[in-house]
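**Q** Chains G and S, in that order, give the protein sequences.
Its first residue numbered 0, the first sequence is counted upward by one per residue in numbering that gives the first Met the number 0.
Its first residue numbered 0, the second sequence is counted upward by one per residue in numbering that gives the first Met the number 0.
Since the hints were made in silico from the structure, they are not lab data.
Please note that a few of the clues may not be correct.
[To be verified] FRET-style restraints, in silico, Cβ to Cβ:
(1) S:F449 - G:F321: 33 to 43 Å
(2) S:K2 - G:G59: 20 to 30 Å
(3) S:M142 - G:A85: 26 to 36 Å
(4) G:F321 - S:D354: 51 to 61 Å
(5) G:S430 - S:A85: 48 to 58 Å
(6) S:H177 - G:N295: 35 to 45 Å
(7) G:T164 - S:R319: 27 to 37 Å
(8) S:A165 - G:D49: 34 to 44 Å
(9) S:H177 - G:D49: 25 to 35 Å
[Stated by the list, open to error] SDA-like, lysine to any residue: derived pairs with alpha carbons at most 25 Å apart:
(10) G:K53 - S:Q281
(11) S:K97 - G:Q133
(12) S:K54 - G:Q133
(13) S:K56 - G:T327
(14) G:K54 - S:W134
(15) G:K54 - G:A135
(16) G:K351 - G:Y369
(17) G:K473 - G:Q180
Think of the CB as a built atom: it goes at the ideal place given N, C-alpha and C, for glycine as much as any other residue.
One-letter residues, chain by chain:
2 protein chains.
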Amino acid sequence: MSKGVTPRSKDYSKWYTDVVQKAELADYSPVKGCMVIRPYGYALWEQIRDFLDKKFKETGHVNAYFPMLIPESFLQKEAEHVKGFAPELAVVTHGGGKKLEEPLVIRPTSETIIWAMYKKWINSYRDLPLLINQWANVVRWEMRTRLFLRTTEFLWQEGHTAHATAQEAEEEAHRMIHVYQQLCEEVLAIPVYVGKKTDNEKFAGAENTYTIEAMMGDKRALQAGTSHYLGQNFAKAFDVKFQSEENTLEYVYASSWGVSTRLVGAVVMAHGDDQGLILPPQIAPYQCVIVPIYKNNTQKEKVFSCVQTLEKAFKEQHIRYFTDNRETVSAGFKFNDWEMKGVPLRVEIGPKDADKNGVICVRRDTGEKYFQSIDSFIASCKNTLKDIQDSIFQSRLTFRENNTFDVSTYDELKTVIDNGGFARTFWAGTSEMENQIQEETKATIRCILFDNTEESGHCVITGKPSITQVIFAKAY
Amino acid sequence: MSKGVTPRSKDYSKWYTDVVQKAELADYSPVKGCMVIRPYGYALWEQIRDFLDKKFKETGHVNAYFPMLIPESFLQKEAEHVKGFAPELAVVTHGGGKKLEEPLVIRPTSETIIWAMYKKWINSYRDLPLLINQWANVVRWEMRTRLFLRTTEFLWQEGHTAHATAQEAEEEAHRMIHVYQQLCEEVLAIPVYVGKKTDNEKFAGAENTYTIEAMMGDKRALQAGTSHYLGQNFAKAFDVKFQSEENTLEYVYASSWGVSTRLVGAVVMAHGDDQGLILPPQIAPYQCVIVPIYKNNTQKEKVFSCVQTLEKAFKEQHIRYFTDNRETVSAGFKFNDWEMKGVPLRVEIGPKDADKNGVICVRRDTGEKYFQSIDSFIASCKNTLKDIQDSIFQSRLTFRENNTFDVSTYDELKTVIDNGGFARTFWAGTSEMENQIQEETKATIRCILFDNTEESGHCVITGKPSITQVIFAKAY
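Here chain G stands alone, though its shape is the one from the complex (with noise of 0.2 Å):
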């Protein structure tokens, strides 16, 4: 167990918070609900908004900035929208030194400014599809925050595109969450349940929402993005009509989607341990550490030959690296500080392995740890990467797998969510069941499945027959 960290077994919580200070993701800010997002954890969000705004421009979506600043008065455009949303809002109330004749609200989601110029921009099908997409801070005021799972302030980004027909529009929603679903089990070997929201959970505003859904370390589950179909509900709320090529005025379909700094901290839950983060490749800022060891001189020349070699390989295989040369602090504080920081390979260098021409090598992942001459080392480093990065993925489907139970019965449903883990179910209750189950487990519908395991089965609740597949689960 590392110094200061709270075992996991112990209080699952406080653990969470732990590492994430001590690996210095991020940290408690003198503003009530507000995070920093510290050096190594901002890294950590680089590497997924690369990976998207790669994927997001490779499906034809380019990148704009709208208003962060948004009249009250737009929320209250969409009824179901201002309903969920108006609980949360910030209120800027002064400009300049003077009283505001209308308040502002910091955007808690940007569909109505951003439909508000959608008015302006699209008059015919020509115009369509725009298919937008925006970096940005937004704010939702919450009264229980917890390091980049809920914050007052996060950082996300948020697509918002506009169609000539329906189909179009609910395509576009599948394509992103299957973007996202990419997103998480390719980069942080994270396995996700893909499916669709209940009319219960979900987005204010929307038609359908769909939703990936991830189990962390404690058996609870993590959304992990969504997207959404919004039919013409923004459209007919900000009056946006295009001429279509049969010459007829007609409302616009619409969808929106979004991920978050929240997905940090999924990382964080869904692969710690005790010694700290375990990182996937793919996402981790560094992927090798090199550990250089020498009591003198003359060791130092012969182990820093051994890390220029290493750094050469590195730089020409793009592997992302780092030369840990503190001269301040011991070999034994290095090994533990780089545990914590979850890099997924360290290779020691030490006189002894110099004169072999090799380095020690332990992996992150397994606590592995093996001697390899350095030509090995680097003709296999990108495989063992590789290596690492399926095995963290195997391991955590294997983990899920293992903590989905197929319930049949409510009493098997209950015994489940008290165990911890997912109950997977059929389903045909009704919205007021759902708000019962909610009251009495703790649980929620996370999603409607996309993929059923078996074709049709009976309700949990009322029996009847049902298509309809579900995974119930305690949420974060």
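Mind docking chain S on chain G? Use the hints.
**A** Same frame as chain G, but now just chain S:
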């Protein structure tokens, strides 16, 4: 003259606004003083950001993210700082439906919140230097706004560094102003004067402010970036001390530095003409645009075979390009459109060109139009782009040199300012004299030049001997 664009000679200010809107760089939003950065404008900002972010990392900096909301009391801790920013603040008074105990301001700049955190993070000389940058939005309540140049909300980066010695912090401030110079001259093709601000013009809370000053197309100055040596001002305000190597307790030394989306406006004003934008290839989102021209399918097939050859070559050479396939608009419309958007090189391919295995090239900067065989076009394209980049910079440099006048009397100075241009002169006056000149001429000292053209001279006002050479100009 392009349709709907006011000629520069008629009304420069209106020309600017027309071009920004017609080129779809930005649009007015429904929120007073706030603009929408449209995808093409945001793409310019992305080029700037990518260049700088790489430079920052190469010079040892890391990115982080600090809260946008700052307790009002924090700003009051540094006397000069609050005086400078208090009139421009946007204030959040309500959150989550309740009145806040202490109002929060939206950051106009982040020194205060960052130094509140540095107090937690800095204890020893081992923690220094701390070299952090942030990409963020900021809000400064402005009475008179102009797209990109002065808006209530804007995007920028702000570097905030902490050092053990004054010398290191000063070196950092100098290093970063030269990074900004490199951005302007090498990427944006805008020559800048580099120097120091007078006390009248320096940042609220700084000991020294360094600046780069560019000449716009109307011969006015635009401050394109600043860096500040902050001394121990913020360390003292937030009580940030460190244990030195000699075991003494010392206040930390600081620098901060930033550039903003205003640079996009600078690109428009430095290079644009009555046909619209002229983009230097280094910053152009598309460096080449291909316009295929055909009347029937036979022609189309022939033409597109050439298009494919070009596209392959562009990809191989990492040239950013766009093929304008639109079927709903004419070739002439496309020519105007891409001229408005300032694409450096237009490549037209009609059936006759295809027959001759060639293309028509049109340079945006010179208007030059010429036939080239496809092979020689591909072989020379990189060089042509480089030549365009250099030519644009050279023409701006010539323009600036032709409009920078050495003056030795106040009358001469007034004449230069009246006629438009920069007045270069020696200075040994007081702040009061500077204020008076501003009142009488609207010109300010843009900078005390780092590189004098002459070693010494006599002050334009007092006649005293001086080694301080300055630039006077009207500024945006």
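**Q** Determine for every hint whether it applies to the structure shown.
**A** The hints, checked one at a time:
1. S:F449 - G:F321: 33 to 43 Å: Given about 36 Å between the Cβ atoms, the range holds.
2. S:K2 - G:G59: 20 to 30 Å: 29 Å, holds
3. S:M142 - G:A85: 26 to 36 Å: 31 Å, holds
4. G:F321 - S:D354: 51 to 61 Å: With Cβ atoms ~58 Å apart, the hint holds.
5. G:S430 - S:A85: 48 to 58 Å: 50 Å Cβ-Cβ, so the 48 to 58 Å window holds.
6. S:H177 - G:N295: 35 to 45 Å: 40 Å, holds
7. G:T164 - S:R319: 27 to 37 Å: 32 Å, holds
8. S:A165 - G:D49: 34 to 44 Å: The hinted range 34 to 44 Å holds for A165 of chain S and D49 of chain G, with Cβ atoms some 37 Å apart.
9. S:H177 - G:D49: 25 to 35 Å: 27 Å, holds
10. G:K53 - S:Q281: Distance ~20 Å between K53 of chain G and Q281 of chain S Cα, so the pair holds.
11. S:K97 - G:Q133: Violated. K97 of chain S to Q133 of chain G sits at ~29 Å, over the 25 Å cutoff.
12. S:K54 - G:Q133: 24 Å, holds
13. S:K56 - G:T327: Holds. K56 of chain S to T327 of chain G sits at ~24 Å (cutoff 25 Å).
14. G:K54 - S:W134: Since the Cα atoms of K54 of chain G and W134 of chain S sit roughly 21 Å apart, the hinted pair holds (cutoff 25 Å).
15. G:K54 - G:A135: OK: K54 of chain G and A135 of chain G at ~18 Å, within 25 Å.
16. G:K351 - G:Y369: 14 Å, holds
17. G:K473 - G:Q180: Distance ~21 Å between K473 of chain G and Q180 of chain G Cα, so the pair holds.
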